[in-house]
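Protein chains: 2
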Amino acid sequence: MAEIRDLSKHVGESVTVRGWVESTRGHGKVAFVVVRDGTGIVQGVLVKSAVDESSWAAHGTLTPESLVAVTGRVKAEARAPGGYEVELSSLELLALAEPYPIQPKEHGVDFLLDNRHLWLRSSQQRAGLRVRAEVEQSIHDFFYQRDFVRIDSPILTGSIGEHAGTLFETDYFGERAFLAQTGQLYIEAACPAFRRVYCFGPTFRAEKSKTRRHLTEFWMVEPEVAFNDSAANMRLQEDFVSYIVERALERCREELKVLERDTSKLEHVKPPFPRISYTDAVTELQAGGSEVKWGEDLGAPDELKLMETRDLPLFVHDYPKAAKAFYMKENPADPRTVLCDDLLAPEGYGELIGGSQREDDLDRLKSRIEAEGLPLDAYAWYLDLRRYGTFPHAGFGLGLERTVAWITGKHHIRELIPFPRLMNRLYP
Amino acid sequence: MAEIRDLSKHVGESVTVRGWVESTRGHGKVAFVVVRDGTGIVQGVLVKSAVDESSWAAHGTLTPESLVAVTGRVKAEARAPGGYEVELSSLELLALAEPYPIQPKEHGVDFLLDNRHLWLRSSQQRAGLRVRAEVEQSIHDFFYQRDFVRIDSPILTGSIGEHAGTLFETDYFGERAFLAQTGQLYIEAACPAFRRVYCFGPTFRAEKSKTRRHLTEFWMVEPEVAFNDSAANMRLQEDFVSYIVERALERCREELKVLERDTSKLEHVKPPFPRISYTDAVTELQAGGSEVKWGEDLGAPDELKLMETRDLPLFVHDYPKAAKAFYMKENPADPRTVLCDDLLAPEGYGELIGGSQREDDLDRLKSRIEAEGLPLDAYAWYLDLRRYGTFPHAGFGLGLERTVAWITGKHHIRELIPFPRLMNRLYP
Numbered sequence: 253m254a255e256i257r258d259l260s261k262h263v264g265e266s267v268t269v270r271g272w273v274e275s276t277r278g279h280g281k282v283a284f285v286v287v288r289d290g291t292g293i294v295q296g297v298l299v300k301s302a303v304d305e306s307s308w309a310a311h312g313t314l315t316p317e318s319l320v321a322v323t324g325r326v327k328a329e330a331r332a333p334g335g336y337e338v339e340l341s342s343l344e345l346l347a348l349a350e351p352y353p354i355q356p357k358e359h360g361v362d363f364l365l366d367n368r369h370l371w372l373r374s375s376q377q378r379a380g381l382r383v384r385a386e387v388e389q390s391i392h393d394f395f396y397q398r399d400f401v402r403i404d405s406p407i408l409t410g411s412i413g414e415h416a417g418t419l420f421e422t423d424y425f426g427e428r429a430f431l432a433q434t435g436q437l438y439i440e441a442a443c444p445a446f447r448r449v450y451c452f453g454p455t456f457r458a459e460k461s462k463t464r465r466h467l468t469e470f471w472m473v474e475p476e477v478a479f480n481d482s483a484a485n486m487r488l489q490e491d492f493v494s495y496i497v498e499r500a501l502e503r504c505r506e507e508l509k510v511l512e513r514d515t516s517k518l519e520h521v522k523p524p525f526p527r528i529s530y531t532d533a534v535t536e537l538q539a540g541g542s543e544v545k546w547g548e549d550l551g552a553p554d555e556l557k558l559m560e561t562r563d564l565p566l567f568v569h570d571y572p573k574a575a576k577a578f579y580m581k582e583n584p585a586d587p588r589t590v591l592c593d594d595l596l597a598p599e600g601y602g603e604l605i606g607g608s609q610r611e612d613d614l615d616r617l618k619s620r621i622e623a624e625g626l627p628l629d630a631y632a633w634y635l636d637l638r639r640y641g642t643f644p645h646a647g648f649g650l651g652l653e654r655t656v657a658w659i660t661g662k663h664h665i666r667e668l669i670p671f672p673r674l675m676n677r678l679y680p
Numbered sequence: 253m254a255e256i257r258d259l260s261k262h263v264g265e266s267v268t269v270r271g272w273v274e275s276t277r278g279h280g281k282v283a284f285v286v287v288r289d290g291t292g293i294v295q296g297v298l299v300k301s302a303v304d305e306s307s308w309a310a311h312g313t314l315t316p317e318s319l320v321a322v323t324g325r326v327k328a329e330a331r332a333p334g335g336y337e338v339e340l341s342s343l344e345l346l347a348l349a350e351p352y353p354i355q356p357k358e359h360g361v362d363f364l365l366d367n368r369h370l371w372l373r374s375s376q377q378r379a380g381l382r383v384r385a386e387v388e389q390s391i392h393d394f395f396y397q398r399d400f401v402r403i404d405s406p407i408l409t410g411s412i413g414e415h416a417g418t419l420f421e422t423d424y425f426g427e428r429a430f431l432a433q434t435g436q437l438y439i440e441a442a443c444p445a446f447r448r449v450y451c452f453g454p455t456f457r458a459e460k461s462k463t464r465r466h467l468t469e470f471w472m473v474e475p476e477v478a479f480n481d482s483a484a485n486m487r488l489q490e491d492f493v494s495y496i497v498e499r500a501l502e503r504c505r506e507e508l509k510v511l512e513r514d515t516s517k518l519e520h521v522k523p524p525f526p527r528i529s530y531t532d533a534v535t536e537l538q539a540g541g542s543e544v545k546w547g548e549d550l551g552a553p554d555e556l557k558l559m560e561t562r563d564l565p566l567f568v569h570d571y572p573k574a575a576k577a578f579y580m581k582e583n584p585a586d587p588r589t590v591l592c593d594d595l596l597a598p599e600g601y602g603e604l605i606g607g608s609q610r611e612d613d614l615d616r617l618k619s620r621i622e623a624e625g626l627p628l629d630a631y632a633w634y635l636d637l638r639r640y641g642t643f644p645h646a647g648f649g650l651g652l653e654r655t656v657a658w659i660t661g662k663h664h665i666r667e668l669i670p671f672p673r674l675m676n677r678l679y680p
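Line order of the protein sequences matches chains C and S.
Using the numbering used here, read the first sequence as starting at 253 and increasing by one per residue.
Using the numbering used here, read the second sequence as starting at 253 and increasing by one per residue.
Don't read these hints as lab results, they were simulated from the structure.
The reader is advised that the hints may include incorrect statements.
No copy labels: a pair is met if it fits in one copy or bridges any two.
[Claimed, not checked] With a straight-line Cα cutoff of 20 Å, these simulated DMTMM-like cross-link-like pairs (lysine to aspartate or glutamate) come out: (1) Lys462 <-> Asp304; (2) Lys281 <-> Glu603; (3) Lys557 <-> Glu498; (4) Lys357 <-> Glu548; (5) Lys618 <-> Glu498; (6) Lys357 <-> Glu498; (7) Lys545 <-> Glu555; (8) Lys522 <-> Glu339; (9) Lys517 <-> Glu498; (10) Lys462 <-> Asp612; (11) Lys281 <-> Asp423; (12) Lys462 <-> Asp423; (13) Lys300 <-> Asp258; (14) Lys618 <-> Asp636; (15) Lys261 <-> Asp399; (16) Lys618 <-> Asp362; (17) Lys522 <-> Asp636; (18) Lys300 <-> Asp514; (19) Lys545 <-> Asp613; (20) Lys462 <-> Glu427; (21) Lys576 <-> Asp613.
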C-alpha cells in the first residue's frame, strides 16, 4: 500500500493507493478519478480497454467520498494535481458513500459548521488546519530550544481569573469550580523552580459575543520568565512571533498557496517590531479624528485605525492602570500607567498578544486586588509568591487562532480550530 | 547577569547570579550560601575578610527562599552541587522571604498540596516536572516526525462521551455541556483529511475515586490512523512508548538521578513488547488462583498479578465486547470479543494505554450505541463518518501522568502534574 506523498519514489512502478474519491469524469473510453488519501491527491486514469470490466463498472458507480483502492503505474505528469498520475490497471470500490452533503457549490456557513466533521476534508480547511498544526509544533520547538519548561496549568479552578462574569461554571463535588481563562497566575508560581516556563492549552470565555474574532474555547500559549522586565518581554514576543511566521512560510508553502495567501505581507515580519506608547497612540488617534480619551482602553476600531498605515506588528505599551488587569506592574516613570503591551497584527487581525511585567510588590498587589473588588482569599497562594522571595518577572499570552488567521489570511478564526465553539454552537 | 547552567563557560571570571536562597551556613570567618536560579544550583563562598561589611551582614539575615544577587569568581569544584562554586566578592539581599512554610523535614501530603505553589520549588518536584515536560515534547516530536497532523479536540461538548455519569457539566448559554473525557471521536473525523492525526490535551473524569492513580483532570495523547488495523495499532504503541522512554533516559539523566530511579528497569524497554490475548490472560490468572471469569473486565489486582512475572510492558488484546466501549470493532475471528488492547506497565504502574480498531460498519455501530442505551442523536455526526466512505482505522489513548509516574518511578501520579485536581482538591 503506497501513500500519495511518496509517489515520486515510485515513478514507473505499479502501486496501490487507498483513499477517498474527490471527483470523477469520463469520456466514453477514458475515465478519471481523483483520490485523496490524507497525504495528498492524485489522479487515476482508466482506459476502458486496459482495465477489467469490474473496474470500469465500479468507476461508473463512484460517488464523492467513496473509499476506493486504485492500482496502477505511477507517471510524472506536470499538469496533474500533485505532479503525478496513476495509469490504472484496476479500481476497487471499498465503501460506497451516500450522497455527500457538501457540494462543490457555495454553502451557507451554518450548514458548513453543522457538517464540520465532513467540512474538514475540503482543501481550504485542510490547508488552514495544517498551518495551525505547524504553528503549534513551532510554538513547542521555540520554547524547548530556549530551555523553557512546559508547565500545564489547570482548567478547573476554584479562584477567580481575569474577567469575572464571563466564566463557565461547574459543580466540583459540591464546590463551585470555573474553567480557567488563563494559566498565567499558575505558571508564575513555577518561575522560582524553572526560571523560564510556559503553558499551552485551551482557555474559555463565556462571552456573549458573535464577532468573527471570538470563540468561547480557544488555545493560548503563555510564557513567563523570571527576571524579565517589560522591555525584555517585548523582545521575547517579537522573536517568538517572527519565528512562528518564518516556520510557516518555510514549511507550509503549499498550504499558503491553496489559501491564496499573499505571503509578501509576511516575509518582512522580523524583529524589531515598532513600539508606540499608549499615550502617543492616543495622540495619534485623536489627531486622526478619533474620540478616544486618555484613560480608556483602545477598542477594536482604534486598533484597526492604528494599523492602517503600518505593515509590521506594532507594540502599544504602558496602558492606563484602570484599563488593565490587577496583576500588571505599576510603571515607576508614570504611576498612572502599567508596564504592559498589546501586540497588534497588521491587515486588520487585531490583538495577537497581551503581555506585561507583573506586580511584584506585595502591598501594591493587595491594594490592586482589593480595588478591583476581587476576593483576597482566592489569591492567597498568588500573594505567597510575593512573600517568599518576590522577583521581577514578565510574560504574555498569544491567542493561537488569531495568529493562525493572520498567517493564513483567513477572515474568520472559527475555521482555524478543528471544532469551533461559538455562543450558538456546541455541535458537532 | 549570568545563569547557573552557564557557569562552566565562566570559570575564572567574575559573574553575578540572581536567585533564591536554598540554604546558608557559617563558620565564624567563612560562610556559605546555596542559590537556585531556576537553571541550576550553585554554592557561594564568603570569606569575611574578602567581602565588604554589608555583604557579610546581609548573609546573616538571609532566610530560605530570599532573593539575592551574588557576585564573584567562578571556580570548578567537584564537591560542590553542580560542580562549580562562586568565591563571592559581594552579596546583595533583593527580597527577604517571610518564614518559609516548607521545611527540610517531612511534611504531610495535604500540607504539601496546600502549598503546591511553593512545593514546586523543591528538588524532587522540579525533577519530576522536568521529566514530564521532556515527555510532552517527545510526544509532539514523535508524531510530528511521522507526519501526523495535530488536531485539537474540543473540551466543551454537547454529546455524551465514554462514561456517562462521570462527567463535569456546565451551562452553555442555556444548553447543557460536558467536559470531554476523550478527543477520539472528534479526531476520527479528521482521518479522511489527514490520514494520521493526534490530539493532546486535558481530559476530565468526575470520578469519586481517591486512589494514587486517579486525577479528575489529566492529560492524554490520542493518535488515530486511517487504514491501521489492530496489529498496526499495537506496533505504533510500542514504537511510541519506547521512543518516549528512550528520550527521557537520554535527556533527563540528572533528573532521574535526583529521583533515584533505577533506570536499568527502563533500558530494555524496546519493541516488540509481548502480547497476550485476554482469553489467555484469564486462563493464566485462573491458574494462579484468581477468581476472574471470562467476560469480566480485568481489575487492577488482575493487571498487577499479570505483571508480577514480566519486566516489559504487556499488551492484553481482544477483550470481551461487553467489557469495552461501543466504538470498538467486533473481532471477525471471535465476535464475542473486540479488536482492542490495553498496554500494562511493569512495576505496578497499571494501564498506560487503551487502544482499539474502531467499528467501521454503520449498522453494527448503531446497534452497539443502542445496546448501550446511548442516544443515537448525539452520535449522528459520528455515524456520518461511516456513511461517507467508511474506512478501517485504529487509535489509542496514553495517559500522560501515569506514563511519567512509571518513567520517574514515583508512587503518586499527583506529583507529576503541576497543579493536581483530586476529588477533594481544587486549590491552589
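Now the hints, each set against the structure:
1. Lys462 <-> Asp304: Neither: 55 Å inside a chain and 64 Å across chains, both beyond 20 Å.
2. Lys281 <-> Glu603: Answer is neither; intra-copy 57 Å and inter-copy 57 Å both fail.
3. Lys557 <-> Glu498: The answer is neither: 26 Å in one copy and 53 Å across copies each exceed 20 Å.
4. Lys357 <-> Glu548: For lysine 357 and glutamate 548, neither the intra-copy (46 Å) nor the inter-copy (51 Å) Cα distance is at most 20 Å.
5. Lys618 <-> Glu498: neither (42 Å within a copy, 47 Å between copies)
6. Lys357 <-> Glu498: So lysine 357 and glutamate 498 fail the 20 Å test inside a copy (34 Å) and across (50 Å) alike.
7. Lys545 <-> Glu555: Within one copy only: 14 Å inside a chain, 67 Å across chains, cut-off 20 Å.
8. Lys522 <-> Glu339: Result: close neither inside a copy nor across copies, 46 Å intra and 41 Å inter.
9. Lys517 <-> Glu498: Within one copy, since 12 Å is at most 20 Å while 42 Å is not.
10. Lys462 <-> Asp612: The answer is neither: 36 Å in one copy and 37 Å across copies each exceed 20 Å.
11. Lys281 <-> Asp423: Neither, since 66 Å and 60 Å both go past 20 Å.
12. Lys462 <-> Asp423: between (27 Å within a copy, 18 Å between copies)
13. Lys300 <-> Asp258: neither (27 Å within a copy, 71 Å between copies)
14. Lys618 <-> Asp636: within (11 Å within a copy, 54 Å between copies)
15. Lys261 <-> Asp399: between (38 Å within a copy, 17 Å between copies)
16. Lys618 <-> Asp362: Classified as neither; 47 Å inside a copy, 26 Å across copies.
17. Lys522 <-> Asp636: Neither: 39 Å inside a copy, 45 Å across copies.
18. Lys300 <-> Asp514: Close neither inside one copy (43 Å) nor across copies (66 Å); limit 20 Å.
19. Lys545 <-> Asp613: Intra 29 Å, inter 63 Å, cutoff 20 Å: neither.
20. Lys462 <-> Glu427: This pair counts as between: shortest inter-copy Cα distance 17 Å, intra-copy 31 Å.
21. Lys576 <-> Asp613: Intra 17 Å, inter 54 Å, cutoff 20 Å: intra-copy only.
The structure is inconsistent with the numbered hints 1, 2, 3, 4, 5, 6, 8, 10, 11, 13, 16, 17, 18 and 19, although it conforms to all the rest.
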